[in-house]
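Peer 1: Chain order of the listed sequences is A and B.
Taking this note's numbering, the leading residue of the first sequence gets 1, the next gets one more, and so forth.
Taking this note's numbering, the leading residue of the second sequence gets 1, the next gets one more, and so forth.
Among the clues, some could well be false.
Stated by the list, open to error - Which residues of chain B face chain A? A few of them, derived with a C-beta cut under 8 Å, are: (1) Val79; (2) Ala81; (3) Ser83; (4) Leu85; (5) Glu125; (6) Met130; (7) Lys292; (8) Ala295; (9) Met310; (10) Arg313.
What the hints assert, rightly or not - Just a sample of chain B residues kept apart from chain A, beta carbon distances all over 12 Å, derived: (11) Ser29; (12) Glu247; (13) Ser321; (14) Ala407.
As the list claims (entries may be wrong) - Simulated coverage check for chain A against chain B, where a stretch passes if three residues somewhere in it have a Cβ under 8 Å from a Cβ of chain B: (15) 98-107; (16) 192-198.
Source of the hints: derived by calculation from the structure; they are not laboratory data.
Each residue gets a CB set at the ideal place from its N, CA and C atoms; glycine is no exception.
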Amino acid sequence: MIEFDHVTRTYGPKTAVADLSLAIPRGELFALLGPNGAGKTTTIKMLVGLLRPSRGAVRVSGFDLVKDPRNAHLHIGYVPDEPCLYDKLTGREFLWFIADMFGMPRHLATQRIAAEIEHFELGEFADELAESYSLGMKQRLVFAASLLHAPDVLVLDEPMVGLDPRSVRIVKDLIAARTREGMTVFMSTHTLAMAEEMADRVGIMVRGQLRFLGTVAELREQMSLETTSLEQLYLELTNPLAKRQQREST
Amino acid sequence: MRQPATITALTTAGGEPTGSTATCCRLLSFEAESRLFFRLRATVAWALLRSMLSGARLRLSLVILLSAMFWGSLYGIFVEAFSFLDALHAEVISLLFNAFFSSLMVMLVFSTGILIYGGMYCSPEARLLMTLPAREETVFSHKFQEAIWFSSWGFVLLGSPMLVAYGVVRGSPWTYFAMLLPFMIAFVVIPATVGGICCMAMVAWLPRLRLHALSIALAFACLGGLWIGWSTLSTAKADSMSAAWFEQTFARLSITEQKLFPSWWLSCGLIESARKGATPNEAWASLSEAAKFLALLIANGMLLQLLAGMLARRAYRLGYSQLAGEVPARRRRPIGWFDQALMNAGSTASRPLRLLVVKDLRLFRRDISQWSQFVIFFGLLGLYFFNVRSFNYNNAYASMIGFLNLAVVGLILSTFTTRFVFPMISLEGRRFWILGLLPVHRDHIVWSKFLFSFIGGLIPCCGLVLLSDVMLGLPQRAILIHEICCVMLCMGLSGIAVGLGARMPDLREVSPSKIASGFGGTLSLVISSLFIMVVVVVAALPTHLFLASSAFGPGGTRGLLAWAGSAEGVAASLATVVVVGLIATFVPIFLGLRSFRRLEP
């Protein structure tokens, strides 16, 4: 469903992502972890077509994001870290704009918009201008918009920022349900507990390189730390001092 | 290339059945996409209009009223000017049209290019659209229409009274007035599209050099404009407004009469369509000629739009990616000697106040949008004042021109205080968690803004007024009067902006321009304008009478008018100006302080 084929992205002399090869199949929830500046955002931007790789190719459902971006976008739903809405559109108008942009038939769009409004509890403010929304309300609306066209791939960049605990629960349940139904989720997050709870596989990126790729259990096994949490494993993997100590001890 | 134009739908979020294999999405046709963007713009525009009608009636009424007044005044001036020119030199009109439209053409290339750059590459909307299955050319078209609206409203406001006046003076047929709008629209599309093409090409293929390329092009355009302006105005004083001066000036402006320029097509088309024609055949011939020029403009505009669409398809995503991949340069910013000196000068008690002023000074210096506008407006004023002597005014006029220049300086300062100083307190409100926890009295925050605005405005304004008066050759006492008025204007305008900003803060808004365009900002601009009017009128009349009576004797004036023109009258008017200035400064500040002390962010 998602393919990174030897993808490298440089910013002048700096390599943000180095030779990333990664395939995420249908129905998998993948969490990309890493410290600030590791290359997560660059990876996400390449996956949604905001950035072009310097080398290699990114494909979604078989469509190359550079060669055939429109068809690729048809399969992607994207929730950015900072929700972007039209201030002078109401939530409902925004959902209609997205539905129309994806060419959804009228009857299906009506049905989906009503369902997403109900599911994300947007009904109370769906007919108010987006300029009056709080961050959490905006984020919920963006979630609803990203799922409207039932994408094959959902890309989430720090999805829980600004959401209250109830909304977090709604989103988590929804992601789990959609994944079971075959949707692929690519999520970048700093919330390790969420990654541990939800992800089928995690990838840990450090300085543009994928240092680890596998399940949390495999990570524990690889680091010979049977009972520790993902947080401890993550810190072990991303902290150079701890790594050096680990190398010396082995 | 694989072509599955549809994807498979899943169940809805709520679990409603949709048919697991139902066809859900498809790529839109170009027409459908264009219609969708049109609907989007219409919905946004309607919502904007509704919110203005419900929440910003004062501002809307003022904008309409002032625009109508501006339009009417320009119309009157142009009717007079065209009547004068029509009687003297009919051929001059063509030259003036060419000069006006060609300079406008250059400005439209730059302004639309810059607006398209902001809209297509830097706006959050562009980021959203880039992640949707929208065509690059429709996104360009969408942002182009937005940009052309913003870049050409000035042309409509400035050009329409001129062209209507021309038609009225020439007694043009109705077809001229009917063709005006199509001519204007067809014309603006050409330079605006050129601006868009240059912008996309530069971002895609010269991403690192785009600022340099833009700066060089702008510098060339400015130098060209300055050269024409300078060579026109630098003619010897004695020759100005003479027949030889006119001839020289027209010879210089003939550079704008190039047959390959759209401005020439527009000028010729308008002049032809305005021709009455002595016989029906002549009238028909003029109309056909005008239609030919209109068709030429439309055809070129459409061709350029096609080219821009093709370029957008090739270059937009590439350029966006290039730009998004740029890492902002990290620059160390050591503490400047001036900041250091300001922080250390004075007593320890006033140090918090000075620290706040230094902070605002740094923010101002590092915000290019603030100081560049400051430099452009005051720079242009300086250029005008420097050349004011070329117009060879006599003494009686010189005094009035001096006061008018003072009013212009005040009005420009008032737009800056409204746009940049008024929102300062509102923006501090959002950072209140920092300032609120510091051991700083809240009054210091308000006073620091006042000092920053007052001192920041005082130096350029007094300098400009001095330059204007010296160039006009005014006597020392007139200069002194103008400078006193200028100090009071700077003080009062700063007091109004800071005081009202503290009295009516908008703590939710992050955009200074939106804060300034709200009710408080509009009120601040209105009060500022009234204040300027009062100061200038109160000081101008007695000073003018005084200077006139000094030059030509007391004449036949008696009673109040005679007293107003005496030294006592001038002194009284100055005292009134000072009192009005102090009221304009301290009443809003007092109200603002009282409100700011009670503010709960």
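Peer 1: Hint by hint, say whether it matches the structure.
Peer 2: How the hints compare with the structure:
Interface hint status for valine 79/B: violated, as the beta-carbon distance to the closest one in chain A is roughly 40 Å, over 8 Å. At about 41 Å, the closest approach between the beta carbon of alanine 81/B and any beta carbon in chain A exceeds 8 Å, and the interface hint on this residue is violated. Against a cut-off of 8 Å between C-beta atoms, the interface hint on serine 83/B is violated, since the closest Cβ of chain A lies about 45 Å away. A distance limit of 8 Å between C-beta atoms decides the matter here; for leucine 85/B the minimum to chain A is near 45 Å, and the interface restraint is violated.
Interface hint at glutamate 125/B: satisfied, since its Cβ lies 7 Å from the closest Cβ of chain A, which is below the 8 Å cut-off. Checking methionine 130/B against chain A: minimum C-beta separation of about 6 Å stays under 8 Å; hint holds. Checking lysine 292/B against chain A by beta carbon gives a least distance of about 41 Å; that is not within 8 Å, so the hint is violated. Because the closest C-beta pair between alanine 295/B and chain A is about 35 Å apart, greater than 8 Å, the hint is violated.
The criterion of a C-beta within 8 Å of any C-beta in chain A is not met by methionine 310/B, whose closest approach is roughly 16 Å, and the hint is violated. Among the interface hints, the one on arginine 313/B is violated; its C-beta lies about 11 Å from the nearest C-beta in chain A, farther than the 8 Å criterion. Separation of serine 29/B from chain A is inadequate, the least Cβ-Cβ distance of about 9 Å not exceeding the 12 Å criterion. Against the 12 Å criterion, glutamate 247/B stays outside the reach of chain A, whose nearest CB is about 54 Å from its own CB.
With a least CB separation of 4 Å from chain A, serine 321/B falls inside the 12 Å interface cut-off, contrary to its annotation. Interface exclusion of alanine 407/B from chain A stands, the closest Cβ pair being 37 Å apart, more than 12 Å. For the segment 98-107 of chain A, the stated coverage by chain B holds: 7 residues have a C-beta nearer than 8 Å to a C-beta of that chain, and at least 3 were required. Counting residues of the segment 192-198 of chain A whose beta-carbon sits less than 8 Å from any beta-carbon of chain B gives 0, not enough to reach three: the coverage restraint is violated.
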